[in-house]
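A.B. asks: Residue numbers (the UniProt record's numbering), protein chains in the order written: chain A, 1 to 217; chain B, 1 to 217; chain C, 1 to 217; chain D, 1 to 217.
Don't read these hints as lab results, they were simulated from the structure.
Errors might be hidden in some of the hints.
Since the list can't tell identical chains apart, any single copy or any two copies may satisfy a pair.
The calculated lysine-lysine pairs, modelled on DSS-like cross-linking and capped at a C-alpha distance of 27 Å, are [as the list claims (entries may be wrong)]:
1. K125 - K75
2. K6 - K152
3. K75 - K53
4. K53 - K152
5. K125 - K53
6. K49 - K34
7. K152 - K125
8. K125 - K148
9. K49 - K125
10. K53 - K34
11. K49 - K152
12. K75 - K148
13. K148 - K6
14. K49 - K6
Number of protein chains: 4
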Amino acid sequence: MSNLLKRWNELAEIKDELAARDWFPGTSGNLSIKVSDSPFSCLVTASGKDKRKRTDEDFLLVGADGTPLEETPLKPSAETGIHLEIYRLTDAGCILHVHTVDNNVISALYAEQGEITFRGQELIKAFGIWEEDGELTVPIVENHADLKRLAKEVGRVITPQTKAVLIRNHGITVWGENGFAAKKHLEALEFLFSYQLKMAILGRLSSDPEFMKTIHA
Amino acid sequence: MSNLLKRWNELAEIKDELAARDWFPGTSGNLSIKVSDSPFSCLVTASGKDKRKRTDEDFLLVGADGTPLEETPLKPSAETGIHLEIYRLTDAGCILHVHTVDNNVISALYAEQGEITFRGQELIKAFGIWEEDGELTVPIVENHADLKRLAKEVGRVITPQTKAVLIRNHGITVWGENGFAAKKHLEALEFLFSYQLKMAILGRLSSDPEFMKTIHA
Amino acid sequence: MSNLLKRWNELAEIKDELAARDWFPGTSGNLSIKVSDSPFSCLVTASGKDKRKRTDEDFLLVGADGTPLEETPLKPSAETGIHLEIYRLTDAGCILHVHTVDNNVISALYAEQGEITFRGQELIKAFGIWEEDGELTVPIVENHADLKRLAKEVGRVITPQTKAVLIRNHGITVWGENGFAAKKHLEALEFLFSYQLKMAILGRLSSDPEFMKTIHA
Amino acid sequence: MSNLLKRWNELAEIKDELAARDWFPGTSGNLSIKVSDSPFSCLVTASGKDKRKRTDEDFLLVGADGTPLEETPLKPSAETGIHLEIYRLTDAGCILHVHTVDNNVISALYAEQGEITFRGQELIKAFGIWEEDGELTVPIVENHADLKRLAKEVGRVITPQTKAVLIRNHGITVWGENGFAAKKHLEALEFLFSYQLKMAILGRLSSDPEFMKTIHA
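With the hints as constraints, model all of the structure from the sequences given.
C.D. replies: Structure, rendered in structure tokens:
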């Protein structure tokens with residue numbers, strides 16, 4: 001099986017699984033997977049599809065500037081530029097962007113802080129953090145209708161440790177060295193967001209300072 | 001494949017998907033899809049069926065006055081008149097009416113305001129609203145046991161921008177130019193309702209005025 | 001197909017569907033369906049099974065006193081007596097008993113009132129209540145380890161209008177003239193319980209007296 | 001079918017079911033099942049797998065000291081020592097360790113108490129507790145990066161009645177005499193945790209002292 005086909009199937013399987021969880025509401029969300037490093041190419045979701053269906057037109061191959069590498073009536077996702085910026089800055093092999101109610105609520109609650117940090121949570125081991133006092137930080141950027149500006153904002157907050165960026169009321173973008181790692185990171189973060197919100201609903205964040213950052217705003 | 005059969009299958013597939021989400025509790029909810037414009041005809045759900053099953057009797061063809069266009073022991077949904085009113089006033093090609101806990105709670109919380117408006121939410125792009133300061137408004141009408149009166153009330157609040165109407169404690173009715181668009185709008189709205197409620201539970205609406213309208217009542 | 005086999009399949013299908021929703025946690029819950037009126041017989045779930053599996057030993061036929069009508073190593077559900085009491089007092093053709101988090105929380109919150117009443121909710125139409133000011137009441141009884149006493153307590157609160165009884169921290173028992181109706185009633189009630197709890201979490205019950213009974217305790 | 005294969009399939013089926021509920025977020029969680037008593041051997045999950053897939057490399061056979069009993073490139077779960085400690089101290093035949101948002105939130109809320117106790121809940125019958133005033137206690141231990149220390153801490157709180165231990169922000173470990181019993185216990189506990197949290201969100205724990213222990217912290 002060619003590398004292109006392997007990557008296609010790897011991404012299609014992830015798309016199926018995330019779609020089954022309803023993480024692409026209203027055709028939102030987009031995914032990509034790197035196919036080759038030099039010259040750079042990646043498969044990225046075509047724009048505006050219902051991601052609960054699996055078709056031969058779900059992805060298209062684009063180059064480093066986002067131009068399709070084959071003739072096609074399909075358009076790459078409008079947010080392809082964000083993916084390309086992340087590939088440029090990190091060792092990502094696969095990038096997933098999804099909206100969940102909880103990641104959007106977290107993005108709004110912590111927007112003013114500019115980040116959310118998790119400590120003392122077993123699930124951060126999904127990011128290879130095994131130390132007793134390890135912590136995981138996810139930066140949060142403002143949303144912009146201008147997608148080039150948004151791509152730059154996302155790039156601006158990425159450090160060598162960053163594996164995910166929240167955009168205010170615009171979901172999460174998360175990555176890993178391959179599809180498996182990207183999905184692992186995404187699942188762990190969604191778990192942590194839901195946990196955090198339940199603790200917030202219970203009014204338990206501010207009274208437990210050792211545990212995780214309080215909601216400032 | 002005939003146009004009638006294509007529309008039937010389009011609607012059946014949407015019904016399956018919404019039923020899998022349990023959006024037709026207690027046989028509630030109804031769906032329709034336009035088959036022809038002149039003379040007008042549409043497929044509409046038969047009354048009182050368990051929408052988790054897929055059968056040959058799920059829909060029936062009715063004309064502009066709601067009369068079945070073929071001899072049938074089936075009765076069109078009691079709320080067919082609401083569908084016909086929306087087809088009359090808009091360019092809808094498909095109309096979906098579902099009950100979710102969250103759309104019903106929103107309908108009650110915002111009933112006195114008569115509407116709910118979303119701003120600064122990426123998901124409103126599902127409605128073709130791409131501007132940075134774009135907003136989406138869903139009108140809310142009171143429920144009436146008299147379904148003719150209810151159909152008129154729904155028609156009364158529809159403007160050219162309207163794609164959905166909430167009925168107090170009676171779910172949402174949402175539409176689009178075809179099944180794909182109607183489902184896209186529905187998914188986006190359910191996401192926004194759930195988001196809104198979680199923010200309300202966190203007590204975050206009134207303190208964040210730039211973000212979306214506060215709960216007045 | 002024999003009547004017995006038809007009823008078996010009807011009940012098995014409902015069991016599958018409720019199990020898929022995880023409404024039988026920890027092998028809890030039980031179901032029955034009437035097979036004949038005179039002499040009375042019904043199929044009832046065997047005790048202690050994982051209801052997510054479908055087997056030939058899921059149900060057994062019992063008579064009016066709960067004794068198996070065939071030789072079998074299976075034991076009828078320990079709560080068969082509650083089913084028999086309901087068949088004796090009503091026109092039920094099928095009875096479903098399930099635990100959900102929300103029906104248990106409602107049973108605890110409203111236990112002191114002895115009932116919960118819904119008004120102004122479209123979903124009560126699932127019970128054939130179409131009037132604008134119609135209302136639906138579900139009685140709530142205390143739980144007892146003595147299952148004979150519990151069966152009597154359930155019987156004591158049943159009126160001709162009753163279609164369901166909540167037992168405090170012991171789920172709901174709901175019925176209908178057949179499997180279809182019983183499931184319809186159950187789905188509608190679970191919806192209403194979840195709605196009610198979300199409104200309670202939002203602190204909206206006491207400030208909205210026209211809407212439904214407030215939480216007294 | 002050999003005993004080994006039977007146990008493999010028993011565990012694989014449970015893994016599938018728990019995975020379908022998303023109870024292994026980010027490759028977290030681990031499972032084991034006893035194969036023989038003397039010499040002791042059990043199947044345990046291989047480290048770092050996506051538990052939503054079913055493969056021939058999901059489990060491996062280990063002895064009483066955790067060493068694989070066959071040559072294999074696979075590594076047993078890093079938390080195998082916790083399983084072995086439980087097999088050593090109890091009559092467990094199967095052990096399940098999963099993360100859910102609710103079990104983690106409970107583990108944090110009740111960590112200072114060191115345990116959570118349920119009373120007056122029908123679902124505790126899943127543990128064979130049928131008395132009217134029966135109660136079920138789940139101890140809670142602190143989390144440790146040092147997994148040997150963690151295994152000892154878990155062992156330290158186990159009494160003859162214990163069927164589950166919560167680890168602070170590190171999920172639940174639950175067991176039973178076989179796979180069926182372990183899953184039954186797990187489902188019942190997850191139900192009780194979710195119930196408890198909803199009551200806590202409604203602010204109903206402290207005002208209802210007869211019902212279950214209040215949140216102390």
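A.B. asks: Against this structure, judge whether each hint is valid.
C.D. replies: Tested hints:
Taking identical chains as interchangeable, the C-alpha atoms of K125 and K75 lie at most 27 Å apart only when they sit on different chains, with a minimum of 17 Å there against 37 Å within one chain. Taking identical chains as interchangeable, the C-alpha atoms of K6 and K152 are never at most 27 Å apart, the minima being 30 Å within one chain and 44 Å between chains. In this assembly of identical chains, the alpha carbons of K75 and K53 lie at most 27 Å apart only when taken from the same copy (17 Å versus 32 Å across copies). In the homo-oligomer, the alpha carbons of K53 and K152 never lie at most 27 Å apart, since the shortest distance is 32 Å inside one protomer and 37 Å across protomers.
Proximity of K125 to K53 under the C-alpha cut-off of 27 Å is restricted to the inter-copy arrangement: shortest distance 20 Å between copies versus 33 Å within a copy. In this assembly of identical chains, the alpha carbons of K49 and K34 lie at most 27 Å apart whether taken from the same copy (20 Å) or from different copies (22 Å). Taking identical chains as interchangeable, the C-alpha atoms of K152 and K125 lie at most 27 Å apart only when they sit on different chains, with a minimum of 21 Å there against 29 Å within one chain. Proximity of K125 and K148 under a CA criterion of 27 Å is satisfied inter-copy only: 17 Å between copies versus 33 Å inside one chain copy.
Only between protomers do K49 and K125 lie at most 27 Å apart by alpha-carbon distance; the minimum there is 14 Å, versus 34 Å within a single protomer. Within a single copy, K53 and K34 get their C-alpha atoms as close as 22 Å, and across copies as close as 23 Å, so both meet the 27 Å cut-off. In this assembly of identical chains, the alpha carbons of K49 and K152 lie at most 27 Å apart only when taken from the same copy (25 Å versus 35 Å across copies). In this homomeric assembly, K75 and K148 come within 27 Å of each other (Cα to Cα) only inside a single copy, at 17 Å, whereas the closest approach across copies is 45 Å.
For the identical chains of this complex, K148 and K6 are neighbours neither inside a copy (30 Å) nor across copies (40 Å), given an alpha-carbon limit of 27 Å. For a Cα distance limit of 27 Å, the shortest separation of K49 from K6 qualifies both inside one copy, at 21 Å, and across copies, at 19 Å.
Hints 2, 4, 13 from the list above are not met by this structure, while the remaining hints are.
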